[in-house]
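Heads up: take any position in the sequence shown, counting from 1, add 357, and you land on the working numbering.
Accuracy of the hints is not assured; some may be wrong.
[Unchecked claim] Once the Cα atoms are required to be at most 25 Å apart in a straight line, the calculated BS3-like pairs of lysine-lysine come out as:
(1) Lys466 with Lys421
(2) Lys374 with Lys412
(3) Lys486 with Lys422
(4) Lys503 with Lys538
(5) Lys466 with Lys503
(6) Lys598 with Lys486
(7) Lys415 with Lys486
(8) Lys728 with Lys763
(9) Lys495 with Lys421
(10) Lys486 with Lys463
(11) Lys374 with Lys466
(12) Lys575 with Lys415
(13) Lys598 with Lys538
(14) Lys538 with Lys555
(15) Lys503 with Lys555
(16) Lys754 with Lys743
(17) Lys422 with Lys503
(18) Lys541 with Lys555
(19) Lys745 with Lys598
(20) Lys463 with Lys374
(21) Lys743 with Lys728
(22) Lys575 with Lys620
(23) Lys421 with Lys486
(24) Lys466 with Lys486
(25) Lys598 with Lys555
[Stated by the list, open to error] Just the calculated beta-carbon pair ranges, DEER-fashion:
(26) Ser668 with Lys733: 25 to 33 Å
(27) Arg498 with Asp436: 40 to 48 Å
(28) Asp443 with Ile563: 29 to 37 Å
Don't read these hints as lab results, they were simulated from the structure.
For each residue, glycine too, the CB sits at the ideal point set by N, CA and C.
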Amino acid sequence: TGVQTCALPIFTNTMNKIIFTEEFCQPENLFPFTLTRQMQDLRVGTLTIREKWEKMLKLPSYDKKEDDYKDLGRSVNIDEAVQSRDFCYIVHGNLLPDAQLIRAVKALKSGEFLTTSSGTGIIYKVSRKEILDRFRIKVGRSVLFKYPTRHIQFPWDIIHQNAWAIGQDHALLSRRRRSQKISKTNRLIRRGQIFLEKGVQMEHCIINATEGPVYIGKNAVIMEGTLIRGPVAIGEGATVKMGARIYGGTTIGPFSVAGGEIKNSVIFGYSNKSHDGYLGDSVIGEWCNLGAGTSNSNLKNNARNVRVWTSSGELNAGPKCGVMMGDHSRTAINTSINTGTVIGVGCNVFGNGLTPRYIPNFSWGSEGVQKYEWDKLLDDISGWMKMKGQELNEEEKGILQYIYRKF
Numbered sequence: 358t359g360v361q362t363c364a365l366p367i368f369t370n371t372m373n374k375i376i377f378t379e380e381f382c383q384p385e386n387l388f389p390f391t392l393t394r395q396m397q398d399l400r401v402g403t404l405t406i407r408e409k410w411e412k413m414l415k416l417p418s419y420d421k422k423e424d425d426y427k428d429l430g431r432s433v434n435i436d437e438a439v440q441s442r443d444f445c446y447i448v449h450g451n452l453l454p455d456a457q458l459i460r461a462v463k464a465l466k467s468g469e470f471l472t473t474s475s476g477t478g479i480i481y482k483v484s485r486k487e488i489l490d491r492f493r494i495k496v497g498r499s500v501l502f503k504y505p506t507r508h509i510q511f512p513w514d515i516i517h518q519n520a521w522a523i524g525q526d527h528a529l530l531s532r533r534r535r536s537q538k539i540s541k542t543n544r545l546i547r548r549g550q551i552f553l554e555k556g557v558q559m560e561h562c563i564i565n566a567t568e569g570p571v572y573i574g575k576n577a578v579i580m581e582g583t584l585i586r587g588p589v590a591i592g593e594g595a596t597v598k599m600g601a602r603i604y605g606g607t608t609i610g611p612f613s614v615a616g617g618e619i620k621n622s623v624i625f626g627y628s629n630k631s632h633d634g635y636l637g638d639s640v641i642g643e644w645c646n647l648g649a650g651t652s653n654s655n656l657k658n659n660a661r662n663v664r665v666w667t668s669s670g671e672l673n674a675g676p677k678c679g680v681m682m683g684d685h686s687r688t689a690i691n692t693s694i695n696t697g698t699v700i701g702v703g704c705n706v707f708g709n710g711l712t713p714r715y716i717p718n719f720s721w722g723s724e725g726v727q728k729y730e731w732d733k734l735l736d737d738i739s740g741w742m743k744m745k746g747q748e749l750n751e752e753e754k755g756i757l758q759y760i761y762r763k764f
């Protein structure tokens, strides 16, 4: 799942760090993706939010304990994590970094915090002397950040920000580095905007980076006949099937499989859209599978704004919005997904006609009437994970079991 696991943190007296918090960020509005992961582990662009901050600040990161079921190995209490000679940045987990923001963060002194023009505090720099106890931090001075900031507040923000984020990540990942040599069998437009990591296999493909960069991760396989129009990011170990058409604003996450037509969509990782069918303006979680011929609608027949189910009620997602699919969910062959559909965690979606626009967690079928049996769910998840050489660990199983019982 999207759960990030690690051993219990060991701190030294000189370990500066980032501590992410979901407090005041309303992670429930990012259903279903924040059921199985922290906000900072959402993939936007090539990297997750966590990976962006770690690379840009060159610091390790942890999660502030929120006293909920997602407190795992990297979760810490701030008063225990910050020792006598180090400091930490406390960062909102849904905040996307850029060069201007990073410069402002690095200029902070201990006890200072960045605020937006609306007066909202977004990043705090604290040392041991600012921490009064587990629940109280003393800060002395606010520093106005006068530039716009980018937050992921609702699932469709991921697709709205993805093209921009791919460009930011491309610059970060390719800076002062050379792309792997690209075979002459490929047709390239704006070669300088195309970057391949080591081990990429790609022959007889067409890549157009005129409107944005194209990044292809380590050991990815791009089969012949693939058409890519940037900005596009393809993660480590991913496979793009023969004749795929991938449009700008698309991320194919690590170890995913992509085929058919994909436009302005994010596949987090370890998921499959292997066959023909259309995926547009959509976000697909980890360990999902779209059956052959599955297609989604991303535009209403009357061309009006799409309203999408959230925990706060239906909200306007803009003129185009496809499907938001939680981890471990799957569709049957030839599934037709309605405009602005939300599919929960662990669903097996099948049925006649267009899907409902909201399919609850662990649905068996598309109507949400029958619930996936727990033992069969685990068995099916294990089967899919074994296909990619992975297995469900106890922490991930605990997360799923809590969601199964409570949501």
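Tested hints:
| no. | hint | result |
| --- | --- | --- |
| 1 | Lys466 with Lys421 | holds (21 Å) |
| 2 | Lys374 with Lys412 | holds (12 Å) |
| 3 | Lys486 with Lys422 | holds (20 Å) |
| 4 | Lys503 with Lys538 | violated (42 Å) |
| 5 | Lys466 with Lys503 | holds (18 Å) |
| 6 | Lys598 with Lys486 | violated (55 Å) |
| 7 | Lys415 with Lys486 | holds (23 Å) |
| 8 | Lys728 with Lys763 | holds (13 Å) |
| 9 | Lys495 with Lys421 | holds (17 Å) |
| 10 | Lys486 with Lys463 | holds (19 Å) |
| 11 | Lys374 with Lys466 | holds (15 Å) |
| 12 | Lys575 with Lys415 | holds (21 Å) |
| 13 | Lys598 with Lys538 | holds (21 Å) |
| 14 | Lys538 with Lys555 | holds (9 Å) |
| 15 | Lys503 with Lys555 | violated (40 Å) |
| 16 | Lys754 with Lys743 | holds (15 Å) |
| 17 | Lys422 with Lys503 | violated (30 Å) |
| 18 | Lys541 with Lys555 | holds (17 Å) |
| 19 | Lys745 with Lys598 | holds (16 Å) |
| 20 | Lys463 with Lys374 | holds (13 Å) |
| 21 | Lys743 with Lys728 | holds (24 Å) |
| 22 | Lys575 with Lys620 | holds (22 Å) |
| 23 | Lys421 with Lys486 | holds (18 Å) |
| 24 | Lys466 with Lys486 | holds (13 Å) |
| 25 | Lys598 with Lys555 | holds (19 Å) |
| 26 | Ser668 with Lys733: 25 to 33 Å | holds (27 Å) |
| 27 | Arg498 with Asp436: 40 to 48 Å | violated (21 Å) |
| 28 | Asp443 with Ile563: 29 to 37 Å | violated (50 Å) |
Hint violations for this structure: numbers 4, 6, 15, 17, 27, 28, all remaining hints satisfied.
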